[in-house]
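Chains as they are written, first to last, in the working numbering: chain U, 1 to 212; chain B, 213 to 491.
If you are wondering where the hints come from, they were derived from the structure by calculation, not from laboratory data.
Computed from a prediction, not measured in an experiment: that's the story for all the values here.
A virtual CB, placed ideally from N, CA and C, is assigned to each residue, including glycine.
One should not assume that every hint holds.
Computed footprint of chain B on chain U, listed as stretches where at least three residues anywhere in the stretch have a Cβ under 8 Å from a Cβ of chain B [stated by the list, open to error]:
id	segment
1	48 to 55
2	94 to 106
3	113 to 122
4	182 to 196
What follows is a set of in silico ranges between Cβ atoms, one per label pair, in the way DEER data are often shown [stated by the list, open to error]:
id	chain 1	residue 1	chain 2	residue 2	range
5	B	222	U	62	35 to 41 Å
6	B	342	U	204	44 to 50 Å
7	U	176	B	486	51 to 57 Å
8	B	222	U	37	47 to 53 Å
9	U	74	B	434	39 to 45 Å
10	U	122	B	224	32 to 38 Å
11	B	224	U	111	29 to 35 Å
12	U	165	B	330	54 to 60 Å
13	U	111	B	342	44 to 50 Å
14	U	74	B	304	38 to 44 Å
15	B	486	U	206	47 to 53 Å
16	B	486	U	205	28 to 34 Å
17	U	122	B	369	16 to 22 Å
The list that follows gives simulated cross-link-like pairs (lysine-lysine, DSSO-like), each with its CA atoms no further than 27 Å apart [as the list claims (entries may be wrong)]:
id	chain 1	residue 1	chain 2	residue 2
18	U	204	B	268
19	U	5	B	318
20	B	224	U	5
21	U	104	B	314
The chain contents come next:
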Amino acid sequence: MSLTKVLTDALDTGINQIGQLRILRDPIQLHHIDDHDLDSLKVHTDPEDAREIGRYTPEGDYRFTKGELSLPKGWIFHLDSVAELRSTIDLFYPASLGLWHAWKGGEIRVQNLRDKLNRQTGMYRHSRNVSDKGAQELVQSLCGPGNKCVKKILWSVDQELPLDDSEASRFNGIVGDADESNAIAMVCQEACNFFVAQARQKSKEEFEAKEV
Amino acid sequence: MKLIYFMEFTPKPDAALLIVGHGSTENPDSSTPYFDHAREVRRRNLFGEVHCCFWKEEPSMREALYMIDAEEVYIVPDFISEGYFTQEVIPRELDLTGPTTKVHGKTIHYCDPVGIHPSMTSLILQRTQEVAPGVPQEESTLFIVGHGTGLNKNSTKSIKDQVEHIKTLPTCHFANVIDTYMEEPPFIADWAKLAETPNVVVVPFFIADGLHSYQDIPMMLGFEKEEGLAASQKDVFRHNPYHLQNKTLYYSAAIGADPMMADVILDQISTFDAQHVAH
Numbered sequence: 001m002s003l004t005k006v007l008t009d010a011l012d013t014g015i016n017q018i019g020q021l022r023i024l025r026d027p028i029q030l031h032h033i034d035d036h037d038l039d040s041l042k043v044h045t046d047p048e049d050a051r052e053i054g055r056y057t058p059e060g061d062y063r064f065t066k067g068e069l070s071l072p073k074g075w076i077f078h079l080d081s082v083a084e085l086r087s088t089i090d091l092f093y094p095a096s097l098g099l100w101h102a103w104k105g106g107e108i109r110v111q112n113l114r115d116k117l118n119r120q121t122g123m124y125r126h127s128r129n130v131s132d133k134g135a136q137e138l139v140q141s142l143c144g145p146g147n148k149c150v151k152k153i154l155w156s157v158d159q160e161l162p163l164d165d166s167e168a169s170r171f172n173g174i175v176g177d178a179d180e181s182n183a184i185a186m187v188c189q190e191a192c193n194f195f196v197a198q199a200r201q202k203s204k205e206e207f208e209a210k211e212v
Numbered sequence: 213m214k215l216i217y218f219m220e221f222t223p224k225p226d227a228a229l230l231i232v233g234h235g236s237t238e239n240p241d242s243s244t245p246y247f248d249h250a251r252e253v254r255r256r257n258l259f260g261e262v263h264c265c266f267w268k269e270e271p272s273m274r275e276a277l278y279m280i281d282a283e284e285v286y287i288v289p290d291f292i293s294e295g296y297f298t299q300e301v302i303p304r305e306l307d308l309t310g311p312t313t314k315v316h317g318k319t320i321h322y323c324d325p326v327g328i329h330p331s332m333t334s335l336i337l338q339r340t341q342e343v344a345p346g347v348p349q350e351e352s353t354l355f356i357v358g359h360g361t362g363l364n365k366n367s368t369k370s371i372k373d374q375v376e377h378i379k380t381l382p383t384c385h386f387a388n389v390i391d392t393y394m395e396e397p398p399f400i401a402d403w404a405k406l407a408e409t410p411n412v413v414v415v416p417f418f419i420a421d422g423l424h425s426y427q428d429i430p431m432m433l434g435f436e437k438e439e440g441l442a443a444s445q446k447d448v449f450r451h452n453p454y455h456l457q458n459k460t461l462y463y464s465a466a467i468g469a470d471p472m473m474a475d476v477i478l479d480q481i482s483t484f485d486a487q488h489v490a491h
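Here chain U stands alone, though its shape is the one from the complex (with noise of 0.2 Å):
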């Protein structure tokens, strides 16, 4: 089943956000959540300005991470079916309607935190040297809506250590007050590669407090 219609099917069922973002049928527009005067917002029409949206947070900052918790306000898109709302989410939050639908059918590839790190080479192979101590503690600084994103996190450490109990390791992958019945939940399938350079560069600081 193609992934506009599993859209379209979620939309039948009431589903009307996803991360940062509001989505409004008949007809089709899309908006930041926190936005409610919707007559004051600048109209696009073109799927691709999303990604320009979504570059800078409002001061102006490069936001890399496109879960991060700090899209800007002020704009509303105006689209002609489902397929373009399906594109504009996908620049706004790439892919993650497609690992949305992987999970809920139980087709997610998950690879859990040192399956991922023992897995790099080049310059990343460092990132394996980091304690299990140091990856949760990455977490805890990296991941969940206080820090660069709102994915609910699919993985553990490795098969026999979760992750410690936190506000990241916690989160559902919905922002605000929605639940599953209305929103679509954001989800981290594996670390990505901003933590695994993070990893990199803790194991290096863990490594040079040995030689102290």
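Using the hints provided, position chain B relative to the given structure of chain U.
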């Protein structure tokens, strides 16, 4: 004069194109060329879907297949050379085992990187005409500039190959074509010594414009003195020509910023089909 003849492309409405780029967590402009290339291919309605994915940005290579409906996927590395990323990282991240891999319910065709395709050579020549119109090639030296590291011979091989190929083209009348690098000899910083002609044309062999093309290479050439404006605010390509060291220098944007890169991507796919896929 038309310098470029791209290959015929058979539309693939049931297949997806996935363009792989490096991306950056620091430079917001880094991924723009990949999206531009994707937009151009999408505009031509040649594929059912066209997507991008990245090493350093989202969607990651690990996430990208989840956003694709099509069962047949062509993957084109939007990279300038063969090397660590195209030979190791991309196959590893996407679970590829050969030119065509059946994995995760899809048939994935893995093409060569854009930078090594012969049509890239013509694109460079076309670029020189745009950046230095009317300048006699017989009195000009063309410099192709790469990064160069000394760590990976493949990273300079594609540039050396391009230079050799350009020299053989009947449409090339440059007095000399020289491969140069930022971090290994022959250094672009030595351009004035290397060029024996009054005119010089410099083309950075990078996919994205960024600090290297906006700032580092201009400093090595001598027309930027120090770190100045943020990269995206610079306008170094619009002040041609530069008069330096008794020569006239014409400086191009990164070759990957050329809109015709979409044609090189399509050519790389046609070449893949000719070599690997029996239709």
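So, against the hints stated earlier in the document, which numbers end up violated here?
Result: hint 16 breaks, nothing else.
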